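Got chain A; can you put chain B on it based on the hints?
Listed below are the residues making up each chain.
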Amino acid sequence: MNDEIGMIRQARPEAAPYSQEAKLAARRALTGPAARRRRPYGIVLAGALAVAAASVVAVGTFVPGTRDAGTGPVSTASAGGPAAVTLPKIAKMSAEEVLGRAADAVTDLRPRDDQFIKVTSQTMYGAFHVGLDPRSGDQVDENRYLYRTKRTIWLSADGTKDGALKIERLAPRAYPGWPLPEEANREKPGTEWNRLPTCGHVSETAYTSLKKLPEDAEGMRAYLYSREHGDRPADAAAWTAVGDLLRETYMPAAQRAALFKAAATIPGVTVTEDAEDAAGRKGIGVGRVSLGVREDIVFHPETYELLGERGIVVDEKEAKAPLGSLVASTAQLTIAVEDEAPEVDDPHVGCG
Amino acid sequence: MSSTAPRPWGPVSAPRAQYVETDDRSDAGLIRASLDRPEEFSGVFDRHADEIHAYVSRRLGPELGQADDVTAEAFLVAFRKRHRYDLSRPDARPWLYGIAGKLISGHRRSETRRLRSLAKAAGGADGSGATLHEEERSAERASAAAMRPALAAALARLSAAERDLLLLVAWADLTYEETAEALKIPIGTVRSRLHRVRAKLRRHLHISEESPA
Numbered sequence: 001m002n003d004e005i006g007m008i009r010q011a012r013p014e015a016a017p018y019s020q021e022a023k024l025a026a027r028r029a030l031t032g033p034a035a036r037r038r039r040p041y042g043i044v045l046a047g048a049l050a051v052a053a054a055s056v057v058a059v060g061t062f063v064p065g066t067r068d069a070g071t072g073p074v075s076t077a078s079a080g081g082p083a084a085v086t087l088p089k090i091a092k093m094s095a096e097e098v099l100g101r102a103a104d105a106v107t108d109l110r111p112r113d114d115q116f117i118k119v120t121s122q123t124m125y126g127a128f129h130v131g132l133d134p135r136s137g138d139q140v141d142e143n144r145y146l147y148r149t150k151r152t153i154w155l156s157a158d159g160t161k162d163g164a165l166k167i168e169r170l171a172p173r174a175y176p177g178w179p180l181p182e183e184a185n186r187e188k189p190g191t192e193w194n195r196l197p198t199c200g201h202v203s204e205t206a207y208t209s210l211k212k213l214p215e216d217a218e219g220m221r222a223y224l225y226s227r228e229h230g231d232r233p234a235d236a237a238a239w240t241a242v243g244d245l246l247r248e249t250y251m252p253a254a255q256r257a258a259l260f261k262a263a264a265t266i267p268g269v270t271v272t273e274d275a276e277d278a279a280g281r282k283g284i285g286v287g288r289v290s291l292g293v294r295e296d297i298v299f300h301p302e303t304y305e306l307l308g309e310r311g312i313v314v315d316e317k318e319a320k321a322p323l324g325s326l327v328a329s330t331a332q333l334t335i336a337v338e339d340e341a342p343e344v345d346d347p348h349v350g351c352g
Numbered sequence: 353m354s355s356t357a358p359r360p361w362g363p364v365s366a367p368r369a370q371y372v373e374t375d376d377r378s379d380a381g382l383i384r385a386s387l388d389r390p391e392e393f394s395g396v397f398d399r400h401a402d403e404i405h406a407y408v409s410r411r412l413g414p415e416l417g418q419a420d421d422v423t424a425e426a427f428l429v430a431f432r433k434r435h436r437y438d439l440s441r442p443d444a445r446p447w448l449y450g451i452a453g454k455l456i457s458g459h460r461r462s463e464t465r466r467l468r469s470l471a472k473a474a475g476g477a478d479g480s481g482a483t484l485h486e487e488e489r490s491a492e493r494a495s496a497a498a499m500r501p502a503l504a505a506a507l508a509r510l511s512a513a514e515r516d517l518l519l520l521v522a523w524a525d526l527t528y529e530e531t532a533e534a535l536k537i538p539i540g541t542v543r544s545r546l547h548r549v550r551a552k553l554r555r556h557l558h559i560s561e562e563s564p565a
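If you read the sequences in order, they're chains A and B. Here the first sequence is numbered in the numbering used here, starting from 1 and rising by one per residue. Here the second sequence is numbered in the numbering used here, starting from 353 and rising by one per residue.
Extracted from the complex, chain A is given alone in its bound form (with noise of 0.2 Å):
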């Protein structure tokens, strides 16, 4: 009883478990209002990520292909490392082909400003696990293993009205190369809805906000470089751009073409035939290699609209996986116009 410190030292009470949404709520509000508003849902695939142990950190999820994005935690990298691409089946045809092919192919589905995109998909990614002891910074802990949902996201056209998002837990997979950690068994399959709040801003990838872009293939290529890259090399910043602009958007048909014109011109694009999104449908991938992972956008052989993307291992060292497994995929489903969105009573989203 002599050391009052002590008692009240002892008397600590328990800490309130802190939920992951209000976490990564919290972490999204951090890159700015600006940031915060024009991705409400970044915390949708984030809520598949397993956070580490309290006296650890967890470093995140992370998608090959948008490494810059604003909240995630930015490289100190030399990435640039030109990563030999010696996979078999380069194709006959050229990125500038296919991707030509693409942009002939696009329809238009011309939504209304009132109206809303709906977009299913599948999508398999890694899930990063990376503990640091917070004195010392040193990493204590590593895993990865492969989490896969489906997803149905609403989004409206003109980016003024809260959309919503429905998340379908798949059970997760061993990253390849890797043992299923036990983090990965923590992720219930499951169904959860999040509202999607646009807090007075108008998202960049509205379809409203994406046909301001340019519509002629010099100028978007100007837009596609043109964005922040810290220090990633610029070319991959750009190839990472026209991933982040198809992904759950819908393009309007001058843009996506332009776009795909764009793209053909970013230098290390290559073609593979024999590529296959998340629902297993064969197609054409382009891609490019960033830290020793190919990224592919996987197009219809005949048609050459969009079926997913995928992640494929080019470089086993700089990729810390077998060479040529597949460390993404993703498929698109259907695009939809919709006068609705359904609403999403969740009360951890808010505009801070």
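It cannot be assumed that every hint is accurate.
Stated by the list, open to error - Listed below are several chain A residues computed to face chain B (Cβ distance under 7 Å; list not exhaustive):
| no. | residue |
| --- | --- |
| 1 | Ala11 |
| 2 | Ala222 |
| 3 | Tyr223 |
Stated by the list, open to error - FRET-style restraints, in silico, Cβ to Cβ:
| no. | chain 1 | residue 1 | chain 2 | residue 2 | range |
| --- | --- | --- | --- | --- | --- |
| 4 | B | Lys536 | A | Arg110 | 53 to 61 Å |
| 5 | B | Tyr528 | A | Ala222 | 53 to 61 Å |
| 6 | B | Arg436 | A | Ser94 | 51 to 59 Å |
| 7 | A | Glu14 | B | Arg554 | 56 to 64 Å |
| 8 | B | Ser440 | A | Val337 | 50 to 58 Å |
| 9 | A | Asp3 | B | Ala513 | 15 to 23 Å |
Rather than coming from a laboratory, the hints here were simulated on the basis of the structure. None of these values were measured; they are calculated from a predicted model. Cβ coordinates follow ideal geometry from the N, Cα and C atoms, glycine included.
Just chain B now, kept in the frame of chain A:
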């Protein structure tokens, strides 16, 4: 591209990048980098959010998501003030605790209310308390198990500044140096104030020592 990436699939990054990312950069290093690249600041969040949240939740209790709000706010405040961070301090925890502490003080009423009801929880109803809703009551009961009512009562009787100081040492395990840094006071002041707080606690605890624990 941080401002334009749609990044619908989460806090994304190329897998390999993080291994380099998780280098031994100090918090100060991250904060310095965040001056140019604001997104770097999320590294500071990743390192310390759990710890700050735990501290805030201990002080404000599990109800109503207050700890979530205060933690989020604390990091936002820190983010906005990062230009003024003293880069000679590698560890940002004291700074973050200092910010969180100020915000907790803004919730003083709920903190003391919580402490008072903790104090009552084991001692039976004293009739004067406002009616707690059922969920509040069960939340109180759950957390009451962790804290002796007499101590809660004694804590409630300290000033917000005194609690701040005491709990940084006792619950956040900050050293005196770190506490001084967090509260922006000289270390000698930490010692002397702590001394006073102990004396106060002793007095209060004597009074309430009889109440069943």
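Status of the hints after comparison with the structure:
1. Ala11: With a minimum Cβ separation of about 5 Å from chain B (threshold 7 Å), the hint on A/Ala11 holds.
2. Ala222: 14 Å, violated
3. Tyr223: With a closest approach of 9 Å, the A/Tyr223 hint is violated.
4. B/Lys536 <-> A/Arg110: 53 to 61 Å: Given about 59 Å between the Cβ atoms, the range holds.
5. B/Tyr528 <-> A/Ala222: 53 to 61 Å: Given range 53 to 61 Å: holds, Cβ gap about 57 Å.
6. B/Arg436 <-> A/Ser94: 51 to 59 Å: The hinted range 51 to 59 Å holds for B/Arg436 and A/Ser94, with Cβ atoms some 53 Å apart.
7. A/Glu14 <-> B/Arg554: 56 to 64 Å: 26 Å Cβ-Cβ, so the 56 to 64 Å window is violated.
8. B/Ser440 <-> A/Val337: 50 to 58 Å: 56 Å, holds
9. A/Asp3 <-> B/Ala513: 15 to 23 Å: About 22 Å separates the Cβ atoms of A/Asp3 and B/Ala513, which means 15 to 23 Å holds.
When the structure is compared with the earlier hints, violations turn up for hints 2, 3 and 7 and for no others.
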